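Chemist: The listed protein sequences correspond, in order, to chains A and B.
Each residue of the first sequence is one higher than the one before, starting from 1 at the first, in UniProt numbering.
Each residue of the second sequence is one higher than the one before, starting from 1 at the first, in UniProt numbering.
By construction, these hints were calculated from the structure, which means they are not laboratory data.
Be careful, since some hints might not be right.
[Claimed, not checked] For the chain B half of the interface with chain A, some residues (derived, Cβ under 10 Å), not all of them: (1) R15; (2) I108; (3) V121; (4) R122; (5) I124; (6) A129; (7) A131; (8) V273; (9) A287.
[As the list claims (entries may be wrong)] Derived DSS-like pairs (lysine-lysine); straight-line CA-CA distance at most 27 Å: (10) A:K247 x B:K307; (11) B:K308 x A:K231; (12) A:K196 x A:K107; (13) A:K52 x A:K197; (14) A:K247 x B:K277; (15) B:K308 x A:K247; (16) B:K139 x A:K103; (17) B:K277 x A:K241; (18) A:K2 x A:K103; (19) B:K206 x B:K308; (20) B:K307 x A:K231; (21) A:K241 x B:K308; (22) A:K197 x A:K2; (23) A:K241 x B:K307; (24) A:K107 x A:K195; (25) A:K231 x B:K206; (26) A:K247 x B:K16; (27) B:K277 x A:K231; (28) B:K277 x A:K16.
Keep in mind the model is a prediction, meaning the values are calculated, not measured.
Beta carbons are placed, not taken as given, at the ideal position from N, Cα and C, and that holds for glycine.
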Amino acid sequence: MKILVPVKRVVDYNIKPRVKADGSGVETTGVKMSMNPFDEIAVEEAVRLREKGAATEVVAVSIGVQQAQDTLRTALAMGVDRAILVLSGESPEPLAVAKVLRKLVEKEEPGLVILGKQAIDDDMNATGQMLAGLLGWGQGTFASKVEVADGRVLVSREIDGGAEDVSLSLPAIITADLRLNEPRYASLPNIMKAKKKPLETLQAADLGVDMAPRLTIVSVAEPASRQAGEKLGSVAELVEKLRNEAKVI
Amino acid sequence: MTALVLLDHESGQIRKAALSAVTAAARLGDVHVLVTGDASVAQAAAAVAGVSKVLHAADARYTHELAEPLAALIASLAPAYDHIVASAGAAGKNVLPRAAALLDVQPIPDVIAIESADTFVRPIYAGNALATVRSSDAKKVLTVRSAAFDAAPAEGGSAAIETVAPVDSADVSRFEAVRLSDSERPDLESARVVVSGGRGMQSEEKFHALDPLADTLGAAVGASRAAVDAGFVPNEYQVGQTGKIVAPELYMAFGISGAIQHLAGMKDSRVIVAVNKDPEAPIFQVADYGLVGDLFEVVPQLVDALKK
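Okay, chain A solo, but in the shape it has when bound (with noise of 0.2 Å):
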């Protein structure tokens, strides 16, 4: 079985994001770009179910900008067999790019796709489900837990008051959760056998899909700012505050 893993380039994690002044957008010019860190979950999955025997080869895919080809990069330094980009230019919706997925989904083949369960950016949390959606599939979305076995795969959820367990026909889709596993860091020898794993270029107009966005942008503000607050002394000083101040006990 082949895994397919999505992965995207984001402004790192630990970088506090600046909003353009004309409100357009927000900075990512000279910022520290790097992989998604649901990404990275998703890739190491991967890895492990190859390492393990259920899989026999990952291919990682990421679609946006010709830079995109670092992130790819750092998912064959993790273990990744081989890898595509798909020029779309920049931030594409997840609806686009769960459809240029599914042409990719057509073209491969794969017995599962795993996804981040949410890119940090835009914080959209869509993509895997949209391409569930499309090619008919089961999904098993928010996964703290994978087993493949007998041509199914149980995966074990986060919901609200706990976790739930589903169990999917394959091929299906996953998308990881933060606690599914803890991703490797890539050696130094395997950043460098990397360079040399292929890295397929493809044109998201040559696979047909219309990348043209639904949703426009009509301004990015920053968030209303907390007044500062005070430094207190006593415990005592504290309840007084809350009860007669703020009064919220």
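Assemble the complex: chain A is given as a structure, and chain B must be docked to it using the hints.
Modeler: Here is chain B on its own, set in the frame of chain A:
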């Protein structure tokens, strides 16, 4: 215009977050709701103020709100609606994007404000920016952040209940089991007071130091991702970008440094209190009241002072 709200429930109770979705949908037009499960859930849905019709998906295939059959059902009902809405909880996030794909619509997740029938405000970058977006899709599919909308009253309505017939969908998924954590405390997302612990709680045993305080205040207990990853508490306690988004009247953070991803989950709380040993902890930049000190000394003192 009419909106269809997916009214999710747990253990036969309609989620409070789902009632917030009803309030949001009422700004868009007439509100119909879709519920799965027993007839009792449909009756509870009919009593929600502001609901004019209940569509009850009584068939067993919808019982566990599995995405595959439920998204197909929503897509089949969609022609009668301009907006399809759910609360941005685990169920809505699982089902609605799939339904949107079936309808060839780009969903709009985590809406915090409705500007007009096609224009919505949503946080991006872990709440560090607010994007106002206008949808060009014929139908709008959105999830709404419950902290941003008051819950519709659970009583006062008298909507008609209509049973909807199941629609065919590929038999590709099966519900196996659910493990709900048993807590007698209020639900984290709807609690008026939340008491949260971070890495500074040191261990699973010591995390219970917060229990007497939570009991005294009638508060829900939350945690930072660091505390969850360290195994102090189960992950459903997690407040943050990747956990629950809360906006209580009072949020008390103990031993939490205040990473961006945690702040994304609680910075809309009305009053924030931070107790931390480190005077430089970023949490103090958003706290209304801060106390620099050892939380294991502060918490018992707080409990005593509150009981006076």
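Chemist: Which constraints among the numbered hints does this structure fail? Numbers only, ascending.
Modeler: none
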